[in-house]
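Engineer: Here's the letter readout for the chains.
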Amino acid sequence: MDSETVIMFKDVCMYFGGLKAIEKLSFSVEKGRIFGIIGPNGAGKTTVFNVLSGVYIPTAGEVYFKDQLLNKMPAHKITGSGIARTFQNIRLFNDMSVLDNMKVARYGHIQYGVVGTLLNTKKKRQEENEIEKDCMEVLEFLGLSSYAGSKAGALPYGLQRRVEIARALSCKPEVLLLDEPAAGMNPAEIDDLNKLIMKIRDHYRLTILLVEHQMRLVMNICDEILVVNFGQKMIVGKPEEIRNNQEVLEAYLGKRN
Amino acid sequence: MMIQYIGIYTIFVLGINLVNGYLGIFSLAHAGIMAIGGYVSSLCSMYFFKESWMFPLSLLIGGGTACLAGMLLAIPSFKVRGDYLAIITLGFSLIIKSALQNIEFVGAARGLRPIPNYTDLIVVYVCVILSILAVKAFIDSKYGRSLLAIREDQVASELVSVDVRKIKFVAFSFSSFLIGISGALLCHLLSYTNPNAFGYTTIVDGLIMVYLGGIASISGSIIGAAAWEILVQSLRTIGTWRWVGGGFILVLVMIFLPKGICGNKEITIKGIREFILKAAAMIRRKGERGKEGSYGQ
Numbered sequence: 001m002d003s004e005t006v007i008m009f010k011d012v013c014m015y016f017g018g019l020k021a022i023e024k025l026s027f028s029v030e031k032g033r034i035f036g037i038i039g040p041n042g043a044g045k046t047t048v049f050n051v052l053s054g055v056y057i058p059t060a061g062e063v064y065f066k067d068q069l070l071n072k073m074p075a076h077k078i079t080g081s082g083i084a085r086t087f088q089n090i091r092l093f094n095d096m097s098v099l100d101n102m103k104v105a106r107y108g109h110i111q112y113g114v115v116g117t118l119l120n121t122k123k124k125r126q127e128e129n130e131i132e133k134d135c136m137e138v139l140e141f142l143g144l145s146s147y148a149g150s151k152a153g154a155l156p157y158g159l160q161r162r163v164e165i166a167r168a169l170s171c172k173p174e175v176l177l178l179d180e181p182a183a184g185m186n187p188a189e190i191d192d193l194n195k196l197i198m199k200i201r202d203h204y205r206l207t208i209l210l211v212e213h214q215m216r217l218v219m220n221i222c223d224e225i226l227v228v229n230f231g232q233k234m235i236v237g238k239p240e241e242i243r244n245n246q247e248v249l250e251a252y253l254g255k256r257n
Numbered sequence: 001m002m003i004q005y006i007g008i009y010t011i012f013v014l015g016i017n018l019v020n021g022y023l024g025i026f027s028l029a030h031a032g033i034m035a036i037g038g039y040v041s042s043l044c045s046m047y048f049f050k051e052s053w054m055f056p057l058s059l060l061i062g063g064g065t066a067c068l069a070g071m072l073l074a075i076p077s078f079k080v081r082g083d084y085l086a087i088i089t090l091g092f093s094l095i096i097k098s099a100l101q102n103i104e105f106v107g108a109a110r111g112l113r114p115i116p117n118y119t120d121l122i123v124v125y126v127c128v129i130l131s132i133l134a135v136k137a138f139i140d141s142k143y144g145r146s147l148l149a150i151r152e153d154q155v156a157s158e159l160v161s162v163d164v165r166k167i168k169f170v171a172f173s174f175s176s177f178l179i180g181i182s183g184a185l186l187c188h189l190l191s192y193t194n195p196n197a198f199g200y201t202t203i204v205d206g207l208i209m210v211y212l213g214g215i216a217s218i219s220g221s222i223i224g225a226a227a228w229e230i231l232v233q234s235l236r237t238i239g240t241w242r243w244v245g246g247g248f249i250l251v252l253v254m255i256f257l258p259k260g261i262c263g264n265k266e267i268t269i270k271g272i273r274e275f276i277l278k279a280a281a282m283i284r285r286k287g288e289r290g291k292e293g294s295y296g297q
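Protein sequences, first through last, are from chains A and B. For the first sequence, this note's numbering gives the first residue as 1, with consecutive numbering after it. For the second sequence, this note's numbering gives the first residue as 1, with consecutive numbering after it.
No lab work stands behind these hints, which were simulated from the structure alone. No incorrect hints appear here.
To give an idea of the chain A side of the interface with chain B (calculated C-beta under 10 Å), a few residues: (1) A75; (2) A84; (3) E127; (4) C171.
In this text, a Cβ means the ideal position worked out from N, Cα and C, and glycines have one as well.
Whole structure, please, built from the sequences with the hints as guidance.
Structural biologist: Written out as structure tokens, the structure reads:
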């Protein structure tokens, strides 16, 4: 595996008034890795994702995607340039069909403009056909093609999670941010998800960042894990190192008297 | 005359529907936008384009000016949402109206007359068909999808690479263009206009037609415009009471069809065929059951 750095945080701080959600956080992620971010509740895990995907503008520090500085880029441009994400609380477009959810996510890659749209040019129709075909392929890959026409909001919870991943893939990302993809799943479902994430990584050659509470998943699939606590980096290391680290145990379970 | 009204209001409602329906932003600017479109094109026809074949030019200039106003209106929608945006857009409509009432050049409260009577059935329906085709193409594109996505979850749309500001900008300008055109057609149909034609009544009429017909639907826009116009005109015989009657019918429709007559749905040829087939199958089944019943006896 080559060691090209894809994501880099350099002393990033994110303050909300007096609350220091992230304080001087630095880490980097190499291409093709599955990088886990864990920590107790309120440690700033999701804030890392929000800073990375452009929802928040960091108070200080620098965020890089390859050699692009992301700090002041608007969210849609960040996504368009190759970082897609899912949400902790599923945020699909519930009234739209699964296929339309996928198509919306193609926005950043569509060439035709307003004039082409209004005149309904051949180029526009061709592009629309291609998009439909591409999106169906992604759905097929995730085993969702039979739900293409169903309303996203009408699907059961587990499938909605899957559609969210599909929608993120539809943005044609290089980096995929998964925010608690296993929340509310039982062990069998988690094992499925485990396989799915590996499959996606290998097929689309992605770098994956994963925020998760389910240790079963994190320990299984992550190449590297970052532990954050109170917005600060605690330790970065391989799953085995994390499992046996005294400080991490203390952060989760409290100090032994 | 009523047929022409229906056509003009169809364009008007299509325009409103783009922002209020598809984009889900409660805007009340349509009266002001319509006034701009109507006044600008009327002035053009009165002073510059005095031949009837030049009418398309003044139509386009009216629509274009309205479109510019729409672009301005899109800017507050980036930050402000919900009720506050409704107030801002309402303010816009009222400002336009009182400005027209006080500018001597456009006749102040007396309004403009005589505006050349260029609007006829053919012009109206050519415009209607063009608008329907354009809106249809717009809705079936990345723009249309993004409108619906923004209506459901603006942050999520932004995070799947939708340029929310651009989409709002485009939607507001296209919507205002259509509303401007409808205003221009209306002024050239009536041969006169005054600021009172673009007051609260216009705002309310526009909203009623959109929500009666159904939001986010092209067929809904046509049905809404036609239904309300026919209702208002046919109740004319009962004088002022028609507003009571019309309102009452509106309440009934909203109780039994809360999404409007065809909200979020389209009437298509395919849909109609399926409906007929389904109905036929049902009748046949009923008939067979009837026969079985008679055998049983």
